[in-house]
Each structure stands twice: as C-alpha cells, then as structure tokens.
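J.: For the protein sequence lines, the chains are A and B, in the order given.
Per my numbering, residue 3 is the first one in the first sequence, and the count goes up by one each step.
Per my numbering, residue 17 is the first one in the second sequence, and the count goes up by one each step.
A couple of the hints might just be wrong.
[What the hints assert, rightly or not] Quick list of the computed label-pair ranges, beta carbon to beta carbon: (1) A:Ala-163 x B:Ala-171: 54 to 60 Å; (2) A:Ala-98 x B:Ala-130: 32 to 38 Å; (3) B:Ala-130 x A:Phe-133: 45 to 51 Å; (4) A:Ser-120 x B:Ala-83: 40 to 46 Å; (5) A:Asn-131 x B:Ala-58: 36 to 42 Å; (6) A:Gly-50 x B:Gly-455: 49 to 55 Å.
[Stated by the list, open to error] Computed, partial: chain B to chain A, Cβ under 8 Å: (7) Asn-52; (8) Ala-54; (9) Ala-55; (10) Thr-448.
[Unchecked claim] Counterexamples of contact, computed for chain B against chain A with all Cβ distances above 12 Å: (11) Thr-46; (12) Asn-49; (13) Ala-143; (14) Asn-318; (15) Ser-382.
I should point out that these hints are in silico values taken from the structure, not numbers from a laboratory.
As the structure is a prediction and not an experimental result, all values here were calculated from the model.
Even for Gly, the Cβ is constructed at its ideal location relative to N, Cα and C.
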Amino acid sequence: MKTSTPRKILATLLVLTLMGAVTGGATVSALQSSTESAGNTFAAGSVGISDNDGSSTLYSVSGLEPGKGVEKCIKVTYNGSLSGEVRMYTDSSIGALGSQLNVQITPGTQTGSPSFPSCAGFTPDAGGNLFSGTLATFASTHGAWGSGLTDDGPAAATSWATGDSVVYRLRVTVADDDTVINKTTGSHRFVFDGRNK
Amino acid sequence: MRSRKLVIAALCLIVAVTGAGATWAAFSATTANSGNTAATGASFDNARVATGTYTGNGTDNRNIAVAFEPHVVIIKGTNTQTGAVRTVTMSGDVTKPLAGATALGNNNIQSLTATGFQIGTNARVNATSVRYDWVAFEAAQGVMQVGSFVGSGAARSFTGLGFSPEYVVVLPAGTGRAVSRASGQTTTFQFDSDTGSAARITSLDADGFSVGTSGDVSTSGQNYHYVAWNRRGGLTEMTTYTGTGGSPFTAYTGFQPDYAIVRENDTATASEAHHRMASQGAGDSYPFAATGVLTNSITAFNSVDVGLGTNAGANTNGETHSLVGFKSRPYSSGGCSSPGTQTITANADSYVNQASAGTNYGTSTSLIVTSRNGSRNQRAFVRFNLPAIPVGCSVAFAKLRVSASAASAGRTLNANTPSAAWTESGGGLTWTNQPAVTGPSESAVAATGYVEWSVTDEVRGQYTNNYGFRISDATEDDATGRTQTFSSREAASNNPQLLITFQ
Numbered sequence: 003m004k005t006s007t008p009r010k011i012l013a014t015l016l017v018l019t020l021m022g023a024v025t026g027g028a029t030v031s032a033l034q035s036s037t038e039s040a041g042n043t044f045a046a047g048s049v050g051i052s053d054n055d056g057s058s059t060l061y062s063v064s065g066l067e068p069g070k071g072v073e074k075c076i077k078v079t080y081n082g083s084l085s086g087e088v089r090m091y092t093d094s095s096i097g098a099l100g101s102q103l104n105v106q107i108t109p110g111t112q113t114g115s116p117s118f119p120s121c122a123g124f125t126p127d128a129g130g131n132l133f134s135g136t137l138a139t140f141a142s143t144h145g146a147w148g149s150g151l152t153d154d155g156p157a158a159a160t161s162w163a164t165g166d167s168v169v170y171r172l173r174v175t176v177a178d179d180d181t182v183i184n185k186t187t188g189s190h191r192f193v194f195d196g197r198n199k
Numbered sequence: 017m018r019s020r021k022l023v024i025a026a027l028c029l030i031v032a033v034t035g036a037g038a039t040w041a042a043f044s045a046t047t048a049n050s051g052n053t054a055a056t057g058a059s060f061d062n063a064r065v066a067t068g069t070y071t072g073n074g075t076d077n078r079n080i081a082v083a084f085e086p087h088v089v090i091i092k093g094t095n096t097q098t099g100a101v102r103t104v105t106m107s108g109d110v111t112k113p114l115a116g117a118t119a120l121g122n123n124n125i126q127s128l129t130a131t132g133f134q135i136g137t138n139a140r141v142n143a144t145s146v147r148y149d150w151v152a153f154e155a156a157q158g159v160m161q162v163g164s165f166v167g168s169g170a171a172r173s174f175t176g177l178g179f180s181p182e183y184v185v186v187l188p189a190g191t192g193r194a195v196s197r198a199s200g201q202t203t204t205f206q207f208d209s210d211t212g213s214a215a216r217i218t219s220l221d222a223d224g225f226s227v228g229t230s231g232d233v234s235t236s237g238q239n240y241h242y243v244a245w246n247r248r249g250g251l252t253e254m255t256t257y258t259g260t261g262g263s264p265f266t267a268y269t270g271f272q273p274d275y276a277i278v279r280e281n282d283t284a285t286a287s288e289a290h291h292r293m294a295s296q297g298a299g300d301s302y303p304f305a306a307t308g309v310l311t312n313s314i315t316a317f318n319s320v321d322v323g324l325g326t327n328a329g330a331n332t333n334g335e336t337h338s339l340v341g342f343k344s345r346p347y348s349s350g351g352c353s354s355p356g357t358q359t360i361t362a363n364a365d366s367y368v369n370q371a372s373a374g375t376n377y378g379t380s381t382s383l384i385v386t387s388r389n390g391s392r393n394q395r396a397f398v399r400f401n402l403p404a405i406p407v408g409c410s411v412a413f414a415k416l417r418v419s420a421s422a423a424s425a426g427r428t429l430n431a432n433t434p435s436a437a438w439t440e441s442g443g444g445l446t447w448t449n450q451p452a453v454t455g456p457s458e459s460a461v462a463a464t465g466y467v468e469w470s471v472t473d474e475v476r477g478q479y480t481n482n483y484g485f486r487i488s489d490a491t492e493d494d495a496t497g498r499t500q501t502f503s504s505r506e507a508a509s510n511n512p513q514l515l516i517t518f519q
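The whole structure should be built from the sequences, with the hints applied where relevant.
T.: Structure below.
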C-alpha cells in the first residue's frame, strides 16, 4: 500500500468522470480520496422494458355503441438488472370521447401464448384493478412519470426484477349514454416507464 | 500548488461531464403502445319510441302516421276502452286486448305499415269523438326484439334474443291473458287486476326467457307473441321503487321518459298496471283495463324521473313497484341510410323425403313437410339471397313466410338453421345428405295461406353464414301422417318470402 500523490488522485477522478459520462450519470458514488487499489472495476446496472405489441395498437375501433367496448391485453416485460418500478401513463391528447370512455386496467397473468392483443387465458391478480375510470381521467391524473400509475411488478412483488412480466388487461367501454354519438378519441398512447427503484 | 489546481480542475470536469451536476437521475427505459383510437358510430341501433293522440271518427282503414315503421303499437282510449296492442308478428287484421281473457280480435289495429299503423272501426281504437293516445316502438338489435312461438303445454325456455331482457311481454293469440314480467319482479302479472302467477314467465334469462305451464304462455298448439326489452342507459329503464303512499313522490329513471308503465308487485292484494304516454295531458295516465283516465297515478314525466300520485297501483306505502320507462331517440332518423322493410323471394328451395332418401326435389313446384312414422317424414329447405345491409342500418326484424296450399292445420312447424351449405338441385339436397340444424327452433302454427316465423336472430346470423332455413314438423313420426304442401319458388305464385326490416 502506497500513499497516493495528487497526480494519482487526479487520474482517479478523471477515470471516475469518464465512467460517469459513459453510464449516463445513473449511479451515485461518493467522491473520496483514497489509496490506490489496482484492478477494481465498476459495472453499471441497467433498466430495460419491452412489450409484446409488435408495434400494433391495442385498439383502433370505430362504430362503437353505448355500453359496448373492447377488451385487450398487453404483456410488459422488465429486462433490467436493477430492481425497478414501472409506471403507466398517457401523455396524449384524449379527445371528446375520452370523458365517456370507461377504462379498466387490470394486471394479471396469461396462460399459453396468445397473440397480441388477445386476452385469452388472462387471470387478474388478486389486487384487482389498477385503474377504473374514464380515459380522460386517466390522462389528467396519470399524464407523466411523476403521476404515473405505479405497478410494483408481478402479483405480490414489491419491485420488478429481471425477466418479470405483467399482462395488463384494458377494458375500454363506451358509456351507456346516447350522448356519446359520433365522438372520437385522439390517437393516444400508453407508456410503460421503467426506472430503477 | 500545481497539483491542487489540477484537483480543482478535475472536480469541475466531473461536474461538467455529468450534465447539470446537481442531481443524479435514475436509469429509465420506456415502452409504449401508440396509435390507439376509439370512435362511436354516427348512429346507434335504436328502439325508437313515439307517442301521439288522435280523436276517433269511426272511419275504417284509417291511417295514423308515425315517424318510423313500428313493430309494436299500444292504443288506449280515454273512456271505457280496453288497451289494445299489436305486434309485427301478428298476421292479418288482429289485435290483442291488454285486459280480460280475450283472444286476438279484428278491426282494431289492422296493420303496421311503413309509415305508421292502420285502425279499423272497433271502439277500442276508433269510437267517434273519443280521444285515444298511442305509443309505437321500433325494434332494434340488442335493445328490443319481437317474436312469436307456438305453445307446447310444457315449461320451456327461449333463446336468441342477443341480450338478457329486463322486461318481457307475452301476448297469447287465444284467450290467455296478456302478461308481463320485469326484472325485479318475483312473478308475472297481467296488465289488469291480478296478484300474479309463478307459472307464466318464470325467469328472464341470459339470452331469452323461460315460461311455465300457464295457458297465458304455453297452451299446446297456440300462437304466442312476445316483446322483449333490454335496459339501455339513458333510454330504457327498468327499475323498482318502494311506495310511500304520499305525494309528491318520484321514481328515478335518469332521463325524461316518453312512455312508462308502473305496477305494484303485490302478490297478496290484486292490483293493476298503469301507463302514461307523453302525449297525454298533464297529470294523466291510463289503466290497461276498460276504465278511463287516472289523475293520481303516473302524473308527470320529469327530466330525470317519473312523478307519481297516491293511486295504490303506483304508490302504495311500503310496497315494491316496478317501473318501466322508455325515451325516444331524437337523432335516430339520420342513422340508417335506407330504413324500411325489404321483401326477398327465395333463390333456392327443395324438400327431402325420408322414404326416398336419395331423391332430390330441387325443381319441384312444391315444398312438402310431413310427419309420418315408418321413415316417411319430409322436410323443406329454403334459402334467400340477402340484400346488403344499408349503410348505418341493422336488422331490426325478419320474418320467413311460406305459403301452404294444403295444410294439416294446427300442427306446430319449426324453422331451424341448417349447419352447413346445401345445393338445390343437380345432384343436390336429399334426405341422405341434408345438413343437421343448429340453434333454437322458431315455431309457427300450420294453416293454409302464408305461415310465418319470426327469424330475426337467424337472419342476423345468415349475414355470416347463409344456409337458409329448414322447415319441419315439430313432432315427426306421427302415426296418422300430417302433411303441409307449400309453394316453392318454382310455383307460379305464393313463393317463399323473407321480409327484413332495416333500421
């Protein structure tokens, strides 16, 4: 063990700086003056998330009547190495029908390998619906990460781990009210935003 | 000193490279499902409701205009006229009184037309100087369905409505009573004074309803007509309320009705149903029985409820009452691009003969239906080229009509849906290769002239797979032998017809 010199401290700081740059500033390490320890490495954790939609929409329906709707499912998989949480939100403009379009979002599992966006074999988690309200309400209350609808992962989990999947069932139903005639939503998206916890 | 400067420079570099330098962000990754859209139709399936009034003048064949082609019309006069109802399933000049043990009668509501209905001279509908109020309904997929069946004398269930009904009315062609059952009722009541019967409409089911053995719903060989309604928020409401016996009192509907029926659900003390049309004067309503205007039963149609007076039929303290409310749809006329009824003649028909199992009769001018033992049954098949559904329309009602030149009257004839395609001739349909049938049976009573089956649900299905209809005796292998001889499409006249009402 040798006592460090200012030059070596500078070199260490530069290395840390570069690592910070490479990893996007995602990890926090306290800076400290230290003795040299050769051979140490930093391996940054990761967050990754994907779904099974194959770039297809969950729903694109027209001619809906009062009380009628669709039931669609999307499977979200967490690929990160860090323990994570996933929040769901929409940052889209909802349109006139949004306030009369009832949405139920229910997490669960699905047996077999149904093709997207089929809900065949879907079993809801015991916790019930994550959300039940109009699409307009969903958008106004869950419009970004900060207000996103939080899901802590499969069933009783408290966070998402590598390989975890949750199937979200969306039941989208037109209000049983004839004033819904000839209305549309805007094109809207549902974002699943995963971050390390 | 130089080294200290380098350290400071390095710290500054860290701050610069890591961005804002104030916070450390979490890792983030997103996936999104984009492009989702939903749109409602420019029109909806409707069960339009209209009410109106006219003053009787005793003139026969008088036409009363309605803004649409009605499938059900109810009329009530202000004096001692019994309420009368006619459905689209009733053939010829017949109408059912809504009170009393009276069979279908003529000269009342003589017909339902494309522009309304026609009345005769009977005092129930057209006595001179008497005011009459009427309500007309239009059937619609998923909302209201009109049909008919032949009683068997046994308890049975009917399916194929496409919805779970909230209110069902059964109208016997014979002297049975007109009866109804609403969700929330534990029994089935007459429209006039009654304590109900558990042997009439026994349940409202997921896709239809069940009947018991009462003659009001199931006399063997007798025709019955029915109307079934579904609840539709904002338009059709079936609910219950507990009366207070006091006034003012209201029952919530969520909308302003144009027509409503109330009934005390009292199985101990007889009571009668009351109804009110929006065309009636302020505070007025009617019984269905042959008495005049009521002024303290259904007293008002308010914006979201029904005003009720102190009449026991509508507001007995502590008693449960049923309320059925209907609202018209003001926008609906613009929905269906070509509403109305189209009549189509058959494009394929034949019959099959069990006694000559390999023979095809595709070119025959007759269609034979026989029930006879010893493997001598015969069945008819008929198919129609369906017209395209007009833009914005749906099938509101459909009726199969086949004309009998000779009949074994009174037999129950079933119309069923074949489960596979068949070929009219040219090595086509025979007893041996006839397809099986699927789904519920529609029934009609055999007679000479046109025999009619309500086939609304079947025709809706034929827009997916059109295998036509099979007509057969409901009870084959009869020891005596019962034969119906219908005109086929090859006959000179009276060919098989399919009437489809689009709305």
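J.: So, for every hint listed, does it hold in this structure?
T.: Do the hints match the structure? See the list:
The supplied range of 54 to 60 Å is met by A:Ala-163 and B:Ala-171, whose beta-carbon atoms lie about 58 Å from each other. Our hint of 32 to 38 Å for A:Ala-98 and B:Ala-130 holds, since their Cβ atoms are close to 36 Å apart. Checked against the given bound of 45 to 51 Å, the beta carbons of B:Ala-130 and A:Phe-133, roughly 48 Å apart, stay inside it. Between A:Ser-120 and B:Ala-83 the beta carbon distance is about 43 Å. The supplied range of 40 to 46 Å therefore holds.
Our hint of 36 to 42 Å for A:Asn-131 and B:Ala-58 is violated, since their Cβ atoms are close to 32 Å apart. The beta-carbon spacing between A:Gly-50 and B:Gly-455, approximately 51 Å, falls within the hinted interval of 49 to 55 Å. Nearest Cβ of chain A to the Cβ of B:Asn-52: about 5 Å, under the 8 Å cut. The hint holds. Interface hint status for B:Ala-54: upheld, as the beta-carbon distance to the closest one in chain A is roughly 5 Å, under 8 Å.
A distance limit of 8 Å between C-beta atoms decides the matter here; for B:Ala-55 the minimum to chain A is near 4 Å, and the interface restraint holds. A distance limit of 8 Å between C-beta atoms decides the matter here; for B:Thr-448 the minimum to chain A is near 39 Å, and the interface restraint is violated. Taking the minimum C-beta to C-beta distance to chain A, about 5 Å, the non-interface status of B:Thr-46 is violated against the 12 Å cut. Not every CB of chain A lies more than 12 Å from the CB of B:Asn-49, the least distance being 5 Å, so the non-interface label is violated.
Under the 12 Å C-beta cut-off, the non-interface status given to B:Ala-143 relative to chain A holds; the minimum distance is some 38 Å. Consistency note on B:Asn-318: stated as away from chain A, and its beta-carbon is indeed over 12 Å from all of that chain's, at 18 Å minimum. Even its closest Cβ contact with chain A, about 44 Å, leaves B:Ser-382 beyond 12 Å, as expected for a residue assigned away from the interface.
Figure legend: structure checked against the earlier numbered hints; hints not met, in rising order: 5, 10, 11, 12.
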